[in-house]
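**Q** Given next are the chains, with one letter for each unit.
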Amino acid sequence: MSGAADSPGVIRRLFEAKSLEEMSTPTKIVVYAILALWTLVVLFPLYWVLVTSFKVEVEVDSGPFYIPFVDFKPTLDAWNFMLLQNNTLGPYLNSIIVTLASTVLALLVGTLAAYALVRIRFEVKLAAIVTFLVLLVAVIVAVAALHTPWQVAGVVAIALFLLSLGTFVGRFKSAVGNNDIEFWMISNRIMPPIVAVLPIYVMFQQLHLLDTKFALIATYTGVNLPIVVWLTRDFFAGVPIDLEESAELDGASKFRVFFTIALPLVRSGLAATFMLVFILAWNEFLLALFLTNAKAQTMPVLVAAQNTTRGPQWWYMSVLIVIMIAPVIVIAAFLQKHIARGLLVGAVKG
Amino acid sequence: MTLAQAARTETSAHETRDEWIDRHSGRIMVLPATIILLCFAIFPLIVSVYLSLCRFALAGGSFTLTFIGLYNYKRLLFGAQQYHLIGTMKPIEKSGWIAFVVYAALVLYWLVRYVRTEFTIAGFIGRLISIALLTGLVLAALATLPPKAYQGTLLTTCMYVLFGVTAQFALGLGLALLCAQPIRGRSFFRVVFFIPLMVTPVGVAYMFRMFADMQKGPFAPVSHALGLGVWSWADQAWSARLMVLVGDTWQWTPFMFIVLLAAVENQPRDQLEAARLDGATGFQIFRDITWPAIAPIAATVVLIRLIEAFKIIDIPNVLTAGGPGLATESMTLHSFIAWRTQDLGGSAAIGYLLLFVSTVTCVSFFNYVVRLTRRYQ
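Chains A and B, in that order, give the protein sequences.
According to my numbering, the stretch in the first sequence is residues 1 to 350, in order.
According to my numbering, the stretch in the second sequence is residues 1 to 377, in order.
FYI, nobody ran anything at the bench for these hints, they're computed from the structure.
Cβ atoms here follow ideal geometry from the backbone N, Cα and C, with glycine treated the same way.
Where hints are given, some of them may not hold.
Claimed, not checked - Quick list of the computed label-pair ranges, beta carbon to beta carbon:
1) B:ALA225 to A:LEU40: 11 to 21 Å
2) A:TRP150 to B:PRO268: 57 to 67 Å
3) B:GLY136 to A:LYS28: 44 to 54 Å
4) A:GLN205 to B:THR66: 11 to 21 Å
5) B:PRO268 to A:GLU57: 51 to 61 Å
6) A:LEU163 to B:GLY325: 53 to 63 Å
7) B:ALA225 to A:LEU209: 48 to 58 Å
8) B:VAL107 to A:GLU57: 49 to 59 Å
9) B:HIS24 to A:VAL156: 21 to 31 Å
10) B:VAL138 to A:VAL141: 35 to 45 Å
11) A:LEU126 to B:LEU70: 25 to 35 Å
12) B:ALA225 to A:LEU83: 33 to 43 Å
13) A:SER174 to B:ARG184: 56 to 66 Å
14) B:HIS24 to A:TRP150: 22 to 32 Å
To be verified - Sample of chain B residues with no beta-carbon within 12 Å of chain A, all distances over it, derived:
15) THR88
16) LEU139
17) ARG241
Take the sequences, apply the hints, and build the full model.
**A** And the structure:
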């Protein structure tokens, strides 16, 4: 498969200016008309949200007004209320902290794993995996059905697992390799979050970490990790290995090679991955709904909760939507070109 | 395994700590990711199986879990909750049976062709599983089509996935092909078309609710002029579903667009020019050069979208709260509602059924479509 191997060529072609070949005039008109129409489809709803945020209740209820200063007088009332009187800044801050922390963590852990999976050959004994799973199931059954304290069950299981590694596991030959590990990591993304969220809820409840930023950061890191591994492995695979090998000959450790040579080489790929994971974490709704209550509430939950008994108050809602979109657009404006490339390389390799 | 060798090397005192770290760097690098995935994917996955086989009851300040076997699944698939998951079924009408016969013939043809050309036991069993799921869904869909029958959350979710992903792919590909033409302002369109992907799905839902409000929204004058009066899309099952699909499509078309545009721009330039010199039409160029070049990427991008599309909750939850009736409720929303009513076992069972349907669909799509397109190259 091409893709990562000739990615410099891909990249050059992607962004080089194309010669303006001639199109016939009618074709041109049709093409521009369709593109303009879709621009309108994209921008008009956003425009409507923006103008609504400058309206007051009467202007929304008494019918549609389209253009500020012409058919209604814009005010900052809604902005004033949402930002100063209502507790919006708390969730906003929560969202920023949770999103940034989980994105950086997922990127760090994910790139480490992806790099190792590309550069180092792994062999995990199938027997070890089976033993591990059997013990995990045993622990869960013991805790849930027999009311063993989970700490005790956990320690016993770890001891048994270590014991098994030292004894019978070594006798079995069959093992899984890098591709299998990679596939396992990526396939976790197929799992709908609703399947995972109940046990995660119970887990954090037992640890008394419900409604904390830590719980959300840890969960988001886990949920977005497969995407990071999947995208970045192709970037690493596209980097020539010579540089790293010569550094290793000079005595640099694997970690040093990773941080000082491999990571900087794939920085544009990292930018794309960062953007994508940031968007996913920033907009995540279901997990935040389960895991937070008041203290650690994030913006999507706050927005969804605006459906009051009096019906949604559109002018307030619009303010929330606008301040939620703003930072993402700013970041995306900086990283926009990288995104297409990152997704392309990922998609080519699958 | 890491830990065993760790234990072994501790005994050899000749090695310094740095050397030990360097020798095991690969394992140390993969370990954090593995632990996180075990905590947030494998562990929940196993606990969920257990939950789905239990009845959950609050008792005082605590709760009890009673093991009840497959009861939760039985109730959802065949029992009292069937109306919610699958729908209210009525006998299939004559036209329905005709459609089913056509469907069965197509599936049989596909299977026979597979057996004749490339037969493996694993492949055959895989195809039987795919066909069993699809046939079940087709029969359920046909049985919920007659008057006074209603679709449940399973069929609604499949409908969102099928129509949503198709619409997004068609629009994304169309826009990408147009944007790849020699036009001015390409980067402008590229940036603008990307925006919807960045808006929170919850926000998209509210935005469309506000936008499509027939009394106060921007289209109120239009609906007045048409004399629609107090008609609202939210009162009809089909129009409410359509609204959900419109919101979903508005949000996700950019994803398809941005990747397909990159793919289209990446197609072999020399072949294109040669074809143009030979006077090939636009359609011929698309069919013989562009499509084979972008097919693997197109298939992969559809696969990614398929995976995510099954998880839909935000938009139906906010836009219509699942209504009218159950018409727009997705399976994730169904599971969430079950959780809210303290039916944890039922909630986990719905989640697992969703996992089953989406896994079979995605694996089938990967094996029958994505692999096929890669064979071109």
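**Q** If a hint holds in the structure, say so; if it doesn't, say that too.
**A** Right, here's what the structure says about each hint:
no., hint, in the structure
1, B:ALA225 to A:LEU40: 11 to 21 Å, "20 Å, holds"
2, A:TRP150 to B:PRO268: 57 to 67 Å, "58 Å, holds"
3, B:GLY136 to A:LYS28: 44 to 54 Å, "50 Å, holds"
4, A:GLN205 to B:THR66: 11 to 21 Å, "20 Å, holds"
5, B:PRO268 to A:GLU57: 51 to 61 Å, "59 Å, holds"
6, A:LEU163 to B:GLY325: 53 to 63 Å, "57 Å, holds"
7, B:ALA225 to A:LEU209: 48 to 58 Å, "56 Å, holds"
8, B:VAL107 to A:GLU57: 49 to 59 Å, "57 Å, holds"
9, B:HIS24 to A:VAL156: 21 to 31 Å, "26 Å, holds"
10, B:VAL138 to A:VAL141: 35 to 45 Å, "38 Å, holds"
11, A:LEU126 to B:LEU70: 25 to 35 Å, "29 Å, holds"
12, B:ALA225 to A:LEU83: 33 to 43 Å, "38 Å, holds"
13, A:SER174 to B:ARG184: 56 to 66 Å, "60 Å, holds"
14, B:HIS24 to A:TRP150: 22 to 32 Å, "29 Å, holds"
15, THR88, "24 Å, holds"
16, LEU139, "24 Å, holds"
17, ARG241, "19 Å, holds"
Violated hints: none; the structure is consistent with every hint.
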